[in-house]
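Chemist: Sequence:
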Amino acid sequence: MDETIEPLFEPSQALLGDEKKEPVPCVEPIRFGNIEVDGLNVQACLAVTLCAFLILISVLRFSPADYFMQQNIQAVNQPQYIDVGSGEELVQSLKENGLWEIDEQDRVPPVIFSGFPESINNLHIEVKKKSFLHAMVPAALIALAEIENEKKALQSILARFPQGFKELVFSDDFAVWGRVLTMDEIEFVLMLTRKYRTNRAAELHKRIDLIPISLILAQGAIESSWGTSRFAQLGNNLFGIWTWGEKGIVPAGRDDGKQHKIATYDTIIDSIRAYIIMINRLPAYRNFREIRSKTSNPMKLADGLLYYSERRDAYVWEVKNLIRYNKLTAYDALTLADAPETPVMMKSSFILARYGKKAV
Numbered sequence: 138m139d140e141t142i143e144p145l146f147e148p149s150q151a152l153l154g155d156e157k158k159e160p161v162p163c164v165e166p167i168r169f170g171n172i173e174v175d176g177l178n179v180q181a182c183l184a185v186t187l188c189a190f191l192i193l194i195s196v197l198r199f200s201p202a203d204y205f206m207q208q209n210i211q212a213v214n215q216p217q218y219i220d221v222g223s224g225e226e227l228v229q230s231l232k233e234n235g236l237w238e239i240d241e242q243d244r245v246p247p248v249i250f251s252g253f254p255e256s257i258n259n260l261h262i263e264v265k266k267k268s269f270l271h272a273m274v275p276a277a278l279i280a281l282a283e284i285e286n287e288k289k290a291l292q293s294i295l296a297r298f299p300q301g302f303k304e305l306v307f308s309d310d311f312a313v314w315g316r317v318l319t320m321d322e323i324e325f326v327l328m329l330t331r332k333y334r335t336n337r338a339a340e341l342h343k344r345i346d347l348i349p350i351s352l353i354l355a356q357g358a359i360e361s362s363w364g365t366s367r368f369a370q371l372g373n374n375l376f377g378i379w380t381w382g383e384k385g386i387v388p389a390g391r392d393d394g395k396q397h398k399i400a401t402y403d404t405i406i407d408s409i410r411a412y413i414i415m416i417n418r419l420p421a422y423r424n425f426r427e428i429r430s431k432t433s434n435p436m437k438l439a440d441g442l443l444y445y446s447e448r449r450d451a452y453v454w455e456v457k458n459l460i461r462y463n464k465l466t467a468y469d470a471l472t473l474a475d476a477p478e479t480p481v482m483m484k485s486s487f488i489l490a491r492y493g494k495k496a497v
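As numbered in the numbering used here, the sequence shown has no gaps in its residue numbers, which increase by one up to the final residue, 497.
With a straight-line cut-off of 20 Å between C-alpha atoms, the simulated EDC-like cross-links for lysine to aspartate or glutamate are:
| no. | residue 1 | residue 2 |
| --- | --- | --- |
| 1 | 343 | 304 |
| 2 | 303 | 346 |
| 3 | 457 | 440 |
| 4 | 398 | 447 |
| 5 | 398 | 383 |
| 6 | 267 | 225 |
| 7 | 431 | 469 |
| 8 | 267 | 469 |
| 9 | 265 | 240 |
| 10 | 265 | 226 |
| 11 | 267 | 238 |
| 12 | 266 | 226 |
| 13 | 457 | 469 |
| 14 | 266 | 233 |
| 15 | 464 | 360 |
| 16 | 265 | 220 |
| 17 | 265 | 225 |
| 18 | 267 | 243 |
| 19 | 289 | 346 |
| 20 | 289 | 321 |
| 21 | 464 | 241 |
| 22 | 266 | 455 |
| 23 | 464 | 238 |
| 24 | 457 | 360 |
| 25 | 266 | 238 |
| 26 | 267 | 220 |
| 27 | 343 | 283 |
| 28 | 267 | 455 |
| 29 | 457 | 427 |
| 30 | 343 | 440 |
| 31 | 464 | 440 |
| 32 | 343 | 285 |
| 33 | 288 | 304 |
| 34 | 266 | 240 |
| 35 | 431 | 285 |
| 36 | 288 | 346 |
| 37 | 267 | 233 |
| 38 | 265 | 360 |
| 39 | 288 | 427 |
These aren't lab readings, by the way, just hints derived from the structure by calculation.
Build out the structure end to end from the sequences listed, making use of the hints.
Modeler: See the structure below:
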């Protein structure tokens with residue numbers, strides 16, 4: 138079927154041989170009352186308004202709490218993610234990134250390894266242990282920096298309450314306690330109460346705190362057999378953390394009727410984050426947190442891990458002995474490298490994520 142195609146432009150009357158005529162306006166002039174307004178100016182104003190609306194929409198893609206965290210906490214260097222396929226590659230990568238020889242005065246580069254290769258077990262025992270520890274250190278420092286940023290942000294909020302926060306309760310009815318806070322700060326506080334499972338301000342302040350790197354390294358080494366265990370290899374689970382969700386590894390020899398699984402993680406740092414949150418919020422480690430409120434000595438803090446394992450006192454002794462024998466307290470003074478680039482953004486999806494629980 139033939140179609141009539143309209144010309145994109147009207148042909149000039151001069152080219153068609155007609156006499157020249159005065160141009161005729163294509164639309165009626167735009168008026169606001171008795172004032173005539175240029176149509177082009179109106180279109181320009183509408184375009185500017187549309188752009189402003191689109192910018193507002195892009196900003197609101199982040200929750201208020203995300204925006205608050207981005208604006209108010211210390212920045213941390215954008216980490217470099219590294220995937221290695223063998224024990225030899227892990228050693229080489231540690232050397233290339235300045236992580237093989239670490240001095241107490243060194244600033245540790247923010248490097249995150251996706252996991253430990255299976256062939257790490259083929260390395261000489263001392264090389265294997267050093268590779269495990271030095272791959273864990275930067276991830277642990279980053280995870281601890283995130284906790285420290287949360288702590289500082291919470292402290293800045295608590296300072297807004299002139300009567301102190303000893304009896305303060307962050308209930309869901311934030312109209313009671315949120316009068317001195319912005320909506321961004323209120324949502325941030327409510328997310329922390331869900332993450333750390335308490336709405337009492339004093340207890341929340343106690344739970345959001347650091348764990349010595351020496352303890353993180355010691356427990357990671359014990360629970361994962363220096364990165365060689367089945368759960369470390371298959372799911373980056375370095376701390377023997379259980380889950381009751383759909384995702385996880387069914388442990389061999391699980392008793393009939395039991396539903397727990399071994400939690401899985403995408404990278405080493407995800408496992409460390411889950412471990413820190415577990416220690417900071419579960420009732421089994423209340424004594425650990427009480428000890429921590431008085432001292433940061435890892436040997437004393439280890440006494441608070443009595444319920445981490447069914448071995449009880451024998452497990453605590455093993456943690457202390459591993460710290461002592463491998464001189465792990467030397468790592469407690471390490472700090473991340475400077476030159477911050479990207480602010481730590483504690484996403485709502487991460488804050489509200491469900492973490493597995495360690496059996497007690």
